[in-house]
Amino acid sequence: MPRQQIVSPLPGTFYRRPSPDQPPYKEEGDSVEVGDTVGLVEVMKLFYEVKSDQSGTIGKYLVGNEDTVTAGQPLVDLGE
Amino acid sequence: MGIKIISPGLATSVQDLGRPGYYHLGIPISGGMDRFALRAANHLVGNPEGSAVLEAVFLGPEIEFTTDAMVAVTGAELPLKVDGEPKEIWTSFSVKSGQTLSFEFLKAGARSYIAVSGGIDVPVVLGSRSTYGLGALGGHEGRNLQSGDKLEIGDSSITVDEGRQVPANLRRGLGSSAELRVVPGLYWHRITEDSQKYFFDDTWKVASEADRIGYRFQHGRALRFNERKQPFGAGSDPSNIVDSCYPYGSIQVPGGTEPIVLHRDAVSGGGYFMIGTVISADMDLIGQLQPNMDVKFIEVDIDTALAARMNRQSNMQRIREVV
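Sequence lines, in order, name chains B and L. In terms of the working numbering, the first sequence is residues -7 to 72. In terms of the working numbering, the second sequence is residues 5 to 327.
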């Protein structure tokens, strides 16, 4: 069975924190529920919250903070 | 009767062909950023080509229909579904009252045009139904759509068949890079010969500021300016000029570093020098560029620009004839 992933719904710049002086939404190993925010994508000066559509554990972030992402690009590998 | 917005996407607004005639008063032309796709979408559902449609960017909305309608979606490769059943882009399809139109993730391009038979019936403001968000003018309450918004659909006297389609060879291809043709402008002499060359040699990347006001480009070499004493009324930076008009498509380069191409909702004047103007035939293409895409600027003269505009117009004429 392929690993479950959370993908970016839109192109832009990926952020792991809600703002520079706040902690990341999730760390690797954290549990995640449906609807939890796992990061932000900024485009056109708008910030879009990327939410998980499944529950599990954050296995690995596949992109770094402030990396550019494309629509459909996997952001997070979910573990068991 | 009409449509109800379940979720609005990222920035979905009502647009038609725009609001020309008020730019000198600081009111921009607005209208769809890819007007070719907008016209084609209207044509597919039997509307006049300038009827108001929805323009969605990067992320599609979810829309519940409260009336039967013919619908077509053109522009970006943004896969769509009606009640979960996939539908083709650039093709008309019927939607029954109670059904829901939704979208999957963007595959290519940036902006989709959703035309509904009868057109989106918002009030006409200064001759147009287009939304100018910054000025809170036109469209639906002068703003992008929000969840729960209800929009009226105009009366449609024309009935077209389902499956009306723009052939693939008449759609504009959406690649992973683009070329934008530019006519150098009045202030071309302000930059050095080397900078004139580098501007067209370098590969630029679309920045995340890629909206209805303008598109910013990064990662080319910074421009160097020829020495001069800044005239009275111009700012102190060499990229400043005495205030001037900003045409649609003009390319300003604040500080000489990141070119910005002004688009449909741009301000009409200011104090940055403009390196030139993107030709009108390529302005629709800008509306389909995603952030991080590679772009080259290509130098052309005005005759080439006029020929390219003629070519685009004949493309639209072919759609009118064959579809």
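Derived by calculation from the structure, the hints in this document are not laboratory data. Mixed in with the good hints there might be a few duds.
[Said to hold, decoys possible] Sample of chain L residues with no beta-carbon within 10 Å of chain B, all distances over it, derived: (1) 92; (2) 109; (3) 199; (4) 232; (5) 239.
[Stated by the list, open to error] Derived pair list, reagent style DSS-like, types lysine-lysine, alpha-carbon separation capped at 30 Å: (6) L:100 <-> L:209; (7) B:18 <-> L:111; (8) B:37 <-> L:300; (9) B:37 <-> L:209; (10) B:37 <-> L:8; (11) L:111 <-> B:37; (12) B:43 <-> L:154; (13) L:209 <-> B:43; (14) B:43 <-> L:111; (15) B:43 <-> L:300; (16) B:52 <-> L:209; (17) B:37 <-> L:100.
Backbone N, C-alpha and C define an ideal beta-carbon position, used for all residues, glycine too.
Checking against the hints above, which ones are violated?
2, 6, 15 and 17
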